[in-house]
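So the sequences go chain by chain: A and B. The numbering of the first sequence is our numbering, which starts it at 1 and goes up by one. The numbering of the second sequence is our numbering, which starts it at 1001 and goes up by one.
Incorrect hints may appear among the rest.
[Unchecked claim] Incomplete in silico selection of chain B near chain A, CB under 8 Å: (1) 1048; (2) 1050; (3) 1052; (4) 1085; (5) 1093; (6) 1095; (7) 1112; (8) 1115; (9) 1117; (10) 1119; (11) 1120; (12) 1229; (13) 1320; (14) 1321; (15) 1322; (16) 1323.
Hints were generated in silico from the structure; no laboratory data involved. Quick caveat: nothing in here was measured; it's all calculated off a predicted structure. Just so it is clear, CB atoms sit at the ideal spot from N, CA and C, and this is done for glycine as well.
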Amino acid sequence: MTRLFAASLLSATLCTPVLAAEPAEVLSHYADMAAATYGDSLTAAKTLQAAVSALIATPSDTTLQAAKAAWIAARAPYQQTEAFRFANPVVDDWEGRVNSWPLDEGLIDYVATGSAVNEENDLATLNVIATPTFTLSGAEVDATTITPALISGSLHEAGGIEANVASGYHAIEFMLWGQDLNGTGPGAGARPFTDYAQGAGCTNGNCDRRAAYLQAATDLLVSDLDYIVAQWADDGAARKVVTTDPQTGLLAMLTGMGSLSYGELAGERMKLGLMLNDPEEEQDCFSDNTHNSHYFDGVGIRNVYTGSYTRMDGTTLAGPSLSDLVAAADPAVDMQLKAELDASVAALMAVKTAAAGGLAYDQMLEAGNATGEALIMGAVDALVTQTASIERAVTALGLSKPDFEGSESLDNPDAIFQ
Amino acid sequence: MKRTLLALGLAVVASAARADYPETVRDHILPGYAAFAETTASLAAKATETCDSALLEPFFQHAFDAWMGVQHLNFGPVEEDGHRLAIHYWPDPKASGAKAQMALLKGDPAKLAPGAFAQQSVAARGLMALERLLFPAEPLPADPCPLIRATATDLAATAAAVNEGWKAGYGDTMLTAGEPGNTTFLTSPEVRQVLFTQLASGLEFLSDNRIARPLGTFDAPHPERAEARASGRSLRNILLALQAMRRMVATLTPDAPLTIAAFDKAIALAAAMNDPTLAGVATPEGHLKFEILGQSVDNIRAVILSELAPEMDVGIGFNAADGD
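Work out the full structure: start from the sequences and follow the hints.
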C-alpha cells in the first residue's frame, strides 16, 4: 500500500517534465544491460575454460600464458557487472561463488611457509590438492576426486569462514599465477607451468590433482555465470527484483552505484590496503591485475548511470537512462554527477596507466611511495565525491533510501512477486 | 514543518530543549574530539616520562574512554589521511598489527621518528597497537619503550589533527550547510542525513564486531575475539559506545522517546553484565545474556529507522559498512 502510493507519487513527479524517460523503460534497459554484461562475462569465461583445457592437455609456458591472458580478459566484463550487485539479493547472494576475496589460498594448494596465517581460520593451510581426505567440522571429507560439486559443496566457505574461497575468479587466479611473494616489490605470482606437468616433470607434487582442481574450478565458474545470465533473462528473478516496482528498481540502481563507489571500492578495496601498506590487500593479488579490475568497476558504475555499455565485441548498448530521469528532476545534480563519474573513471585510468607503465598496484601500496599513494587516493577521493552526488540523485528522484539490509522487498524478493 | 512547529512550541516552554544538528556539533562532536585530543596529549606526555605500563595504564584508559565518545563518527576530519584507521584499527584477524610491530621493535629506530612513524601501516599505530605494547600476551623481543613513546606521540598528533580539523573548519562546514560556497553540504537535510547515518552504521559496527564476533555460535563461541581484552575494556567499550550514541541522539532531537528507551534498555543490560572481557560467552548462561544484549542493540537500529529517521526526515546514507 505504502509502496504503491509512493510509486504513484514518484511517477507523477517524473512525468511532468517534457519527454523525460519513463522509469519503467529505464529499468527495463538497465536489466538488458545487466543481461549483456553478464552474458559477455560468460562468453569470456568459456574462452578461459578452453584455454585452461589446453594448458592441462599440453602444459607449456605458451599455454600457461594464454590461460593467464584469457583470465585477464575475462575480468573486464565481469568487473563491470559489480554495479548490479548491491541491493539485488538474487545477485548478491550468488556473487560470493564467483568473486570472493580476500582468500586464504593455503586451503587450496601449497603456499610459502608462514605466509598463510589467519588466526580465525584453522583451514588456512589445509592444501586440499595434497590432501585427498580430511576432517571438516568433525566429519570426514572425501576429496579423492576433485569435482565442481566438491568445490562448491564442501570446500567453498568451509567451516562458515569467508576466507575459505575455493571457487571463482580468484581461486582460478591463484591456480594460474601462484602466490605473489614479491611483497611491495616488482613482480606477480610466478607459478611454473610444470606445476601442471604430468609424470616426471611435475613440480611441487600432485600435478594431477592440481590440474583437476583448475579444470573443476573453471567449469564451475562457467556454470555459475550461466545461472546468473538466466536470472537476468525475461522473467528471470534478478530482473524482476528491479522491474516489478519502479521505486524499488531505481533505488536499487543508485544503491548499487553508491555502495560500490564508497564502502566497497573506495573503502575496502583501495583505501584500506593503502593504509595497511599490505600487498595482499589488493584485489587481484596473484596476477597484479588489480588496476584493471578497479578501473572496470568504475566504468560499470558509470554504465548504470548513463545507460550505455560497450560490449566485448565493440558494439554499444545504449538506451533510456537514470541520467535522463535525474536531468528531468534536477539538471544541476545530473550535470555534476556525470562530471564526477567521468572524473573517477579518469582517476582510475591514471592508476591503470601507471600500472601498465611498470608501477604495479602492490608497489603503489608501499609505505612512503608518494606517487602510488597520490594515484590511489586520487581515485578514492573521486569515488567518495561522486557518492555524495549519488545521494543527491536519490533525493532528486524523490526516493527515500530505506535500510536496505532490513528492507523486506530487497531481502526477500519473493515478497514483491506476490 | 513538524520540526518548526515543535521547536516553536518548545521555545515557549523551555528554550533549552532545542535540539538539532547545531547542538550536535556544539555539544557532542566538538567537546568529544577536544577530550580525545587532551587525553591523548596527556598519555603522550606521560610516555615521555616513563614506560612503566602500570603508570601509563590510567592515561591509556582515559584516552580510550575519550575515543569511545566519538568513535561512531566516521566522517569529516577523522576520515582524512586515514586518521580513523590510524587511531583504531580493529578487528585485525590476520594479526597485521602485531606483525608490523615486531618488525618495528627489531628494526631501524629511524622509523620511530614522528614523520616516519606516521608513514607506517595503520595496523601498527593507534590505541590497539599501544594496548599490545602495554599489555603484551607474551614477553616482547626487545625493549618496547621507544615504540611505546612513538606510538603515543603519533596517536596524540593524530588526535590533535582531527580536533583542529573540526575546530578550524569542518564544524563551520556543517553549520553553514546550504549557504553559497558550501560544496560539502548543499542543504541542512544533508547534514542530518550524515549524522543519522553515523548512528545507523555505528550501531551496525557495534553489533557486527564488538558483539557478534566474540559471541560466535552457542557451539563455537569466540571470547578471544573480543575487542581490547588485554586492557579489560571489552564490555566497557560496548557500554561507552551505547552511551555516546544515546547522548548524540539527545542533541539531535528532543522528540525520540522510543529511541532513548531502546538505548536505555541496552545500556541497562550492558551495565548489569559483570564480565569485563566477555569471557563468559563461552558459558551457556553468559552466551545467552550476551546474545540478548546483541538483540537489544539490533532493536535500537530498528527503532531509529522507524522513529528517528522520520523525525529527522532522513534515511540511511551510503557508509563505510556498505558492500561486503
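Okay, the hints, checked on the actual structure:
1. 1048: violated, 25 Å
2. 1050: Since chain A brings no Cβ nearer than about 29 Å to residue 1050(B), farther than 8 Å, the hint is violated.
3. 1052: With a minimum Cβ separation of about 29 Å from chain A (threshold 8 Å), the hint on residue 1052(B) is violated.
4. 1085: Since the shortest Cβ distance to chain A is 5 Å, the answer is holds.
5. 1093: Interface hint status for residue 1093(B): holds (5 Å vs cutoff 8 Å).
6. 1095: holds, 6 Å
7. 1112: violated, 13 Å
8. 1115: violated, 10 Å
9. 1117: violated, 10 Å
10. 1119: With Cβ-Cβ at 5 Å, under 8 Å, it holds.
11. 1120: The hint holds - residue 1120(B) has a Cβ within 8 Å of chain A, the shortest such distance being about 6 Å.
12. 1229: violated, 13 Å
13. 1320: holds, 5 Å
14. 1321: With a closest approach of 6 Å, the residue 1321(B) hint holds.
15. 1322: holds, 3 Å
16. 1323: holds, 3 Å
Hints 1, 2, 3, 7, 8, 9, 12, counting from the list given before, are not met by this structure.
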